[in-house]
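Number of protein chains: 2
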Amino acid sequence: MDLIFLGTSSGTPTKARNVSGVALLEDSGKGWYLIDCGEATQHQLLHTPLTLHGLRAIFITHVHGDHCYGLPGLLASAGMARRQEPLDIIAPRAIEAWVRATLDMSQSWLPYELRFHTTESFDGWCSSQMRVEAIALSHRVPSWGYSFTESRPDPSLDADKLDRDGVPRGPLWGALMRGHDIEHEGRTLRSEHYLLFSRAPRRVVIAGDNDQPELLREACQGAQLLVHEATYTQAIAEAGKADFGHSTAAQVAAFAASVQLPHLVLTHFSARYQGAPNRGLSMDDIRVEAAEHFSANLILAEDLLRIRLDKQGQLQWVERLGKDAREAAVSRPDGS
Amino acid sequence: MDLIFLGTSSGTPTKARNVSGVALLEDSGKGWYLIDCGEATQHQLLHTPLTLHGLRAIFITHVHGDHCYGLPGLLASAGMARRQEPLDIIAPRAIEAWVRATLDMSQSWLPYELRFHTTESFDGWCSSQMRVEAIALSHRVPSWGYSFTESRPDPSLDADKLDRDGVPRGPLWGALMRGHDIEHEGRTLRSEHYLLFSRAPRRVVIAGDNDQPELLREACQGAQLLVHEATYTQAIAEAGKADFGHSTAAQVAAFAASVQLPHLVLTHFSARYQGAPNRGLSMDDIRVEAAEHFSANLILAEDLLRIRLDKQGQLQWVERLGKDAREAAVSRPDGS
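Just so you know, the protein sequences line up as chains A and B, in that order.
Going by the UniProt record's numbering, the first sequence opens with residue 1, and the numbers climb by one from there.
Going by the UniProt record's numbering, the second sequence opens with residue 1, and the numbers climb by one from there.
Just chain A, same shape as in the assembly (with noise of 0.2 angstroms):
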């Protein structure tokens, strides 16, 4: 499971970071599933190995412009590359009749279907590899984060038990351990009933804009990696300076620490920091007081940065994309 951050800004672009998406790729590499979709995320793609053809779903937090005005162009260059798959879309409410007004308003047909589905009354979605649920935030708009855990961690079959049930060894096999329910005389044997899995699936919670961190609490049990926002320090939200509706990093860092989370990214970060550091506020102000609260594996997200949480649910720093990448000053994991 590995993540891509496509834009690590809050509210607008800068140089250096775009507005909100993040990628979540399946082991293979090929699928991938992306949360948010703030302006420029089709631009940030191009520097990365990732495929319109190759997304399974997208996911959109709330309704803020900075994390959905990318959808339409990425839609639409989705169907110019002659993608034909349908495509899944989980969303709130209004962005569905958004997306739909401004593809017509464009005149672009796309060649395959959207299928949308409401965050309001979202029960949990399933991919081959992903099982994804929503938890609702606290935010100025209605907000979402969503879970995602894995289906099918590293499964083998329960040769026993198909032996003791009587199911013939060959592609009856095969296909309950690539995950199909079969028919065998007379009966429908569930895939699920015949696979074991030598490890616990592994979870990544990707949280929304959201003031109040402990309402990922539960998504939170059994998680390795949570993305959360720190958009503000703690100095700057008690001098009266933040937006409502946003964390401090204090708060995010603290509430990781009490779910005794191995691995905290935070992300979504006011531009003011994100000048040179020593020069007023700097991005070293969020580490350290994040820092502060969390003695576990920190990570502030950088755009096109890639990192690897292994099936032993270790972080691990992959790369970091773009042609900016020898320039950048990415904090890796293991202090190299």
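If you're looking for bench data, these hints aren't it; they were derived computationally from the structure.
A couple of the hints might just be wrong.
Copies of the same chain look alike in the list, so a pair counts if it fits in one copy or across any two.
[Unchecked claim] Using 20 angstroms as the maximum straight-line C-alpha spacing, the simulated SDA-like pairs for lysine to any residue come out as follows:
hint : residue 1 : residue 2
1    : K161      : S191
2    : K15       : T48
3    : K15       : T51
4    : K30       : D88
5    : K15       : G79
6    : K311      : I236
7    : K15       : A81
8    : K241      : W109
9    : K241      : R164
10   : K311      : L196
11   : K161      : F244
As the structure is a prediction and not an experimental result, all values here were calculated from the model.
Following the hints, put chain B in place on chain A, whose structure we already have.
Quick look at chain B alone, frame taken from chain A:
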């Protein structure tokens, strides 16, 4: 009158070229006009000296997404930058409802007024510096070009006439010089009646998508510069591989020669030409084809290229903006 090309790719962005957008700058360098606003136009602006406070008006050529999907984000960012000055937007009718619906959907409240002017019923627009007319073009959807003509080229006061009419030297002369009409002894004196211009006004024509360059014949009278799409070469069009509604390099170049234009900028290139030379199709194909028909000053636009139409009507290469500038292989009009 400087031009900065913000996007020069047709349909979808590539690593090197964004979708459509052109900035036209007043001589002061502060006030400017935006023609088309594809997705991530606001991102491109971050690499220029232009601000959203200096933006005088936006002109949209047609409703296709690669020419307008960047509008809501740019308008929202201008709001977050605390713009207060009303903003004129000249655009096809469908754009207004869509922009307002998009801002509503995302609960974005702008601190300044949007003043829409419908291109379908447009009879010109003026600022203190520029007079703008729309020209109907031919495309798959209604499309327009816009001509920008200097409204007050280097004005000086007609002192003899002012003396004859008994207007006393002082603040009244200053007001007339700045373009304001004044009240004097019960009469309204119009600025334009007391100004002399030492040279002809410059004119730049910037066209939207269009398969009939001939439609610009009248607008190009007295123009020094035409910016026009050349999405394909003739070879691709004749092989039936082109979308309908666009012009070839040959078509535009032949038209520009026929109206004796001194300067022609081609833009809006199909991604198929954007690879390296000698590897299949390249930008050289466009250049060679256009040069066969047009022997005056030919420029193929590149993103963040800045050129200047000086008061003598000569075109100067100013700079290539942005972080890629040093790597760029821009052809300078002076051949250097």
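How the hints compare with the structure:
For a Cα distance limit of 20 angstroms, the shortest separation of K161 from S191 inside one copy, 12 angstroms, qualifies, whereas the shortest one across copies, 96 angstroms, does not. Taking identical chains as interchangeable, the C-alpha atoms of K15 and T48 lie at most 20 angstroms apart whether they share a chain (18 angstroms) or sit on different chains (11 angstroms). For the homomeric pair K15 and T51, the shortest alpha-carbon distance between copies (14 angstroms) is at most 20 angstroms, but the shortest distance inside one copy (24 angstroms) is not. In this assembly of identical chains, the alpha carbons of K30 and D88 lie at most 20 angstroms apart only when taken from the same copy (17 angstroms versus 45 angstroms across copies).
In this assembly of identical chains, the alpha carbons of K15 and G79 lie at most 20 angstroms apart only when taken from different copies (19 angstroms versus 28 angstroms within one copy). Within a single copy, K311 and I236 get their C-alpha atoms no closer than 38 angstroms, and across copies no closer than 49 angstroms, so neither meets the 20 angstroms cut-off. Within a single copy, K15 and A81 get their C-alpha atoms only as close as 28 angstroms, which misses the 20 angstroms cut-off; across copies the closest is 15 angstroms, which meets it. When the C-alpha separation of K241 and W109 is checked against a cutoff of 20 angstroms, the pair qualifies only between copies, where the shortest distance is 19 angstroms, while the shortest distance within a copy is 44 angstroms.
Taking CA atoms no more than 20 angstroms apart as the test, K241 paired with R164 passes in neither setting, with 67 angstroms inside one copy and 60 angstroms between copies. For the homomeric pair K311 and L196, the shortest alpha-carbon distance inside one copy (16 angstroms) is at most 20 angstroms, but the shortest distance between copies (78 angstroms) is not. Taking identical chains as interchangeable, the C-alpha atoms of K161 and F244 are never at most 20 angstroms apart, the minima being 56 angstroms within one chain and 61 angstroms between chains.
Hints 6, 9, 11 from the list above are not met by this structure, while the remaining hints are.
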